[in-house]
Structure formats: structure tokens, C-alpha cells
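Protein chains in written order, with numbering that gives the first Met the number 0: chain A, 0 to 201; chain B, 0 to 222.
No lab work stands behind these hints: they were computed from the structure.
One or more of the hints may lead you astray.
Cross-link-like lysine-lysine pairs, in silico, DSSO-like; alpha carbons within 27 Å at most [unchecked claim]:
| id | chain 1 | residue 1 | chain 2 | residue 2 |
| --- | --- | --- | --- | --- |
| 1 | B | K201 | A | K111 |
| 2 | B | K209 | A | K111 |
| 3 | B | K195 | B | K175 |
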Amino acid sequence: MIHTFLYQLGKMAKSVFIFPIQLFSINAVRRIRIHFNLSASQLSKGIGKSPNYIGTMENEQNEGSYSDEVLSDIILYINKYISENPSLELEFKGKNHYTIYDLYPSEVLSNKKVAKKVDAIPPGSGPTITLNAIIEATDFFKNSHTLKEIVEECNRVQNKNWVSQDFTQPLENAVKGKNKRLKVMLRGDLNTYILIGKQKKD
Amino acid sequence: MVKEMANFMQANHKYEIINITAMPQIEVEKMLNVFLLRKKRGYNQFELSFLMGQRDFYVRDAEDPTHTLIYSVPFNNIFREIFNCDVQAIVPDITSANYAIRISMARDHSENAVYKAEKIFNDGHIELLGMLTAEPKDLLLESSSIISEQSVKDWVLHQISTKYFSEPKNALQILKDCEKELRSTIRPLFLANALKACNGTKGTPKLANKKDENGRFVYLKYD
Numbered sequence: 000m001i002h003t004f005l006y007q008l009g010k011m012a013k014s015v016f017i018f019p020i021q022l023f024s025i026n027a028v029r030r031i032r033i034h035f036n037l038s039a040s041q042l043s044k045g046i047g048k049s050p051n052y053i054g055t056m057e058n059e060q061n062e063g064s065y066s067d068e069v070l071s072d073i074i075l076y077i078n079k080y081i082s083e084n085p086s087l088e089l090e091f092k093g094k095n096h097y098t099i100y101d102l103y104p105s106e107v108l109s110n111k112k113v114a115k116k117v118d119a120i121p122p123g124s125g126p127t128i129t130l131n132a133i134i135e136a137t138d139f140f141k142n143s144h145t146l147k148e149i150v151e152e153c154n155r156v157q158n159k160n161w162v163s164q165d166f167t168q169p170l171e172n173a174v175k176g177k178n179k180r181l182k183v184m185l186r187g188d189l190n191t192y193i194l195i196g197k198q199k200k201d
Numbered sequence: 000m001v002k003e004m005a006n007f008m009q010a011n012h013k014y015e016i017i018n019i020t021a022m023p024q025i026e027v028e029k030m031l032n033v034f035l036l037r038k039k040r041g042y043n044q045f046e047l048s049f050l051m052g053q054r055d056f057y058v059r060d061a062e063d064p065t066h067t068l069i070y071s072v073p074f075n076n077i078f079r080e081i082f083n084c085d086v087q088a089i090v091p092d093i094t095s096a097n098y099a100i101r102i103s104m105a106r107d108h109s110e111n112a113v114y115k116a117e118k119i120f121n122d123g124h125i126e127l128l129g130m131l132t133a134e135p136k137d138l139l140l141e142s143s144s145i146i147s148e149q150s151v152k153d154w155v156l157h158q159i160s161t162k163y164f165s166e167p168k169n170a171l172q173i174l175k176d177c178e179k180e181l182r183s184t185i186r187p188l189f190l191a192n193a194l195k196a197c198n199g200t201k202g203t204p205k206l207a208n209k210k211d212e213n214g215r216f217v218y219l220k221y222d
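The following block holds chain A by itself, in its conformation from the complex (with noise of 0.2 Å):
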């Protein structure tokens, strides 16, 4: 009891403070990378940083934040795997470039520290973010989920009153292709979609 008590005083002490617009840049890189389908370890490597890079600047009990010449190259990364990968689902309709103006707030923000909070699922995103972002940060998909189970979930958690039909295409690109997270399992005569066991290497 006692060691659990000092084991989350512990853990709260290792809050961090960072300014606004290094956590807009960090979020903003989540929310692409998790749009494509990309892990941190395969960004990271993309941009010739060691795999854990990524995951370390999201880590909200890590200080690290992205300095300009990283968010460049997160950019030409971006737009490279946009390149190779005509097929992808864009995140906007005709989006298929980025600058690192896409990694800045339009407006000013506060020069007032905060408190380092890395949405593991975007609010406010669409049906392939929540999904995948679903599948990258919870536990939800260890377990198989039929679709409308999996509709029920994304409502609940961005509070929403999507359709089957919305989660048709996002489904469909996490089952398929070399970044494929989930796999096709029958339970009865219903298709249900579980995280493939072992992750394909990056």
C-alpha cells in the first residue's frame, strides 16, 4: 500500500514543465505520424535518429521537445513516405505536401511553461487518427473486436455519433500493406480485428 502511495507520489514529482508551442510541435508530429499509420520507432528512423527518438520526445515524464532542424526533417520524411505511398489516405483532401509551418500554432501562444500532456489519442480527430491511435496507445485491440464494437469504442472515447461506414477505409489500411497493426479474425461468421501478435520490424 504504502510503496504504491510513494511509487505515484514519485511519479506525479516527474511532471514537466515545457513552453506551449514545444507542446503544440510535439502533438502536432503525433497527430500526423499516428494519421499515416507511422510508429515513433519507424519516424525515428526516418529521420536517422535512434528508434526510441520519438517516443522519447512524447514521453510526457521526458523534458525533450523537437528543435527546428528535427521538425524540418520530420517534414521531408513526411512528404517522402507521402510520395512513395500514392495509395495513402490523406489527412486533408488534396494534402499531399507538408511544411513545418503545418508544426506551428497560427496564432501566438503564451511564453508561460505547462505541464507536458501528450494526448495518446488526439481529441478532436477523425475516425482514421482515433483508430489508429486507438490500436497504438490502449490495449483495446489485444483482445478481438467485432466493427461495431469497434464504432462504440471511437464514439465513446472522441464522443461522436460515427457510422460503420466511417471506419470502412481506416480499417482496411490498418489490415493491409507493410505497416499493418491489426489482422482479420472470424468469431462465428463475424469479422473481427485484433493486433497481429508479433509487430512486423519496422
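Start from chain A and add chain B according to the hints.
Relative to the frame of chain A, chain B by itself:
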């Protein structure tokens, strides 16, 4: 700027291209963007350091291409406030760049380093961005400000007699408040001098100056 151009013309044959290894290319370009913004506004290196809430020679070091100091991402937000511009004016978009930056160096008659920054476009034409040198703290660049140093000093003394400095305030906040009340732009150097003069000697009031939790110098009056 005109004088700098004249120096450049005279010493042009002495310039040698240098390979910048102290900072990444994007940081060199960002530094040059900020350099051009501050020149346009008429702020010297010390004045910009002051408004950023940093030590006196911060900008001087950042503008030295051989120094490793770079403007980190949080300063992009502060620069937007100082220069009232968007992020595109500060951070370069290297995905669409059709040029490279070239820095050359020469020594002036006092053996001080003078750096010439140029944009070399893909089609071969060259654009001179500016000449980078270490500036004296009290250098007054061309400015549209018509407010005298005494007016700024009087304003600061008046604020000290009120509760204005009961809460810590950074230089940029103070400058903006002063400009709002005097209804004109003011030279940051005048404000820096006025604040520095409030050191408790010769009957002057005393303002404390320390870095806050956000890493910027702030001014505060202890009652």
C-alpha cells in the same frame, strides 16, 4: 546599413567563404531572418537580447556564425510578439527553398570579424542579406521613434511610484505598456537604461532584476 555596405564594398576582396559547422543550416537561416527583422525595426543586438529577456550579449553570440548558440523554438513565439509577424517570417521552409546560404568572413581595420551573408539562388543570382558584426551595446540604429530617453525614464519612475512593478514584468511587457501609454514606439535601449538606473543609489528607487521560471529576466520592486 549604408555604412556597412560601404565597408563591405571596400573590403570585398578580403572575404573568404566559410563552412558553417557551429549550427545547422536551418538555424543559420532563421538567425538571418531574425537579424533582418531587427534591423528593419531598428533594434541593436543588445536591445533584442533585452526584449527577449536574455543576457546582454545573447543576440551578439547568436549572430556569430561560428558560435554554437541558436534561437530555440520557444524564441520563435517571442519573436512573433516582438516583431508582430507570423512564423513564416522567422522559420524558413526548407522544403521549397530554391537557394543556399553563403557566409563569407573578413577582418575589419580593428581585426574584428565581419560576416557577409548571401543567398545564392539556383538560377545563379546572388542576393546580399546583410553584414553581421558585433555591435556596441549603445548603438542607435535608424528608428522611427520620436520619444526621448528622458520621457521613457519619467514613465518608468512614475510606474515605480504605483503598483506596476509589484508583479514581476519582463522587458517586452514593459516596452509594450510604455509604448501604449506614450502612444508611440520607443527605443528599447532607453527603457533598458531607465530600468538599470533604478538601482537604489543616489536616492533612486530600486528594481530587482532576476530570471523567472520561464527563463526570462523580469523586473520587480520590493516594498
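Consistency of the hints with the structure:
1. For the proposed pair K201 (chain B) and K111 (chain A), the alpha carbon gap of about 36 Å is over 27 Å, so the pair is violated.
2. Between K209 (chain B) and K111 (chain A) the alpha-carbon distance is near 16 Å, which keeps this suggested pair within the 27 Å criterion.
3. Taking the CA atoms of K195 (chain B) and K175 (chain B), the gap is near 18 Å; set against the 27 Å cutoff, the hint holds.
Comparing the model with each numbered hint stated earlier shows that hint 1 is the single one that does not hold.
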